[in-house]
Amino acid sequence: MPKPARPRPVPPPAVAAAPVSATPAPQPAEPPPAVPDPTAAEAPASTEPASAPDAGGAASAGPGATAAAAAPAPTASSATAASAEAPPLLQVPGSVRLKFAVTGQQGVSPLSGVFGELTWQQDGQAYDARLSLSFLFKTLRTQHSAGVIGPSGIEPTRFSDTRKTEVASHFVRDQGQIVFSSNAPSVPLMPGAQDRLSVMLQLGALLAGDPARYPTDGAIAVQTAGPRDADLWIFKVGEEEGLQLPAGDFKARKLTRNARKPYDDTVELWLAP
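Numbering (the numbering used here), first residue to last: 652 to 924.
Fair warning: there could be bad hints in the mix.
As the list claims (entries may be wrong) - Cut-off 25 Å, straight-line C-alpha distance, at most; resulting in silico cross-link-like pairs (BS3-like, lysine-lysine):
| # | residue 1 | residue 2 |
| --- | --- | --- |
| 1 | K905 | K750 |
| 2 | K912 | K887 |
| 3 | K887 | K905 |
| 4 | K902 | K750 |
| 5 | K887 | K902 |
| 6 | K789 | K815 |
| 7 | K750 | K789 |
| 8 | K815 | K750 |
Claimed, not checked - Now the in silico label distances, taken between C-beta atoms and shown as ranges:
| # | residue 1 | residue 2 | range |
| --- | --- | --- | --- |
| 9 | F766 | Q895 | 16 to 22 Å |
| 10 | Y914 | P739 | 30 to 36 Å |
| 11 | P842 | T907 | 22 to 28 Å |
| 12 | T917 | R748 | 22 to 28 Å |
| 13 | T754 | G860 | 27 to 33 Å |
| 14 | K789 | T867 | 40 to 46 Å |
| 15 | A835 | A859 | 29 to 35 Å |
| 16 | R814 | K902 | 30 to 36 Å |
| 17 | V765 | T917 | 15 to 21 Å |
| 18 | T917 | P839 | 23 to 29 Å |
| 19 | E817 | Q895 | 33 to 39 Å |
| 20 | T754 | P839 | 35 to 41 Å |
| 21 | A859 | K912 | 30 to 36 Å |
| 22 | E768 | V918 | 15 to 21 Å |
Just so you know, these hints were derived from the structure itself, not from any lab. Fair warning: this is a prediction, and the values are worked out from it, not measured in the lab. We put the CB at the ideal spot given by N, CA and C, even for glycine.
Using the sequences and the hints given, assemble the complete structure.
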């Protein structure tokens, strides 16, 4: 008996794939037409040069300075920071030795027969200053300052004041401190700080380098360190005076620092740049 034929498998019906619409590639957008700046078009040309915002002597901008006018103007804070960072113009005095007579009063008795000597030595990088007062063959007092000469002028590293014993102050710049050998509390070191000897040399360098920067009735503030403390000394700039001295006639500017508390020092300097 013949076997029945096996049924053939029926293939699954073909499913038509859904047509996918091709998305056209985006065409590059045309740039919008240039629109003229109404501010630039309507602004009239300046008939007078604009004055500079700072007092540093910058040249005034003329009518054709369109690019400069478009730049943002510096703010007051940035101008102040820039002027604070700019080193002052200086003319540090050359090495010299000065001998002079000392006048004054000790207690109720006037000083007589006292002589002073100021020795200043510098090579453009380092300096050494010494001021001594003597009577006959005895040294009464000595002040000594040593340090370097940098972009801001004289930069002390050590100051000492010797009468019977020596006391000193140290300018520790890497720590930003002034340290005293008398075990007095250290104080923060301010930019341009000086000691009681170097301050008059630094003031002389400032006035000689840029006298127009320090007009009459102006003020110069300098942190000034003694052997036991440091304070902000404010010197008032006076008018030019004529001095007749044994070394000749000089035109000098007087600087005065007034005492601010009991037993404080009043300092008067005549600087002849």
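Go through the numbered hints given earlier and state which of them the structure violates, listing their numbers in rising order.
Of the numbered hints, all hold.
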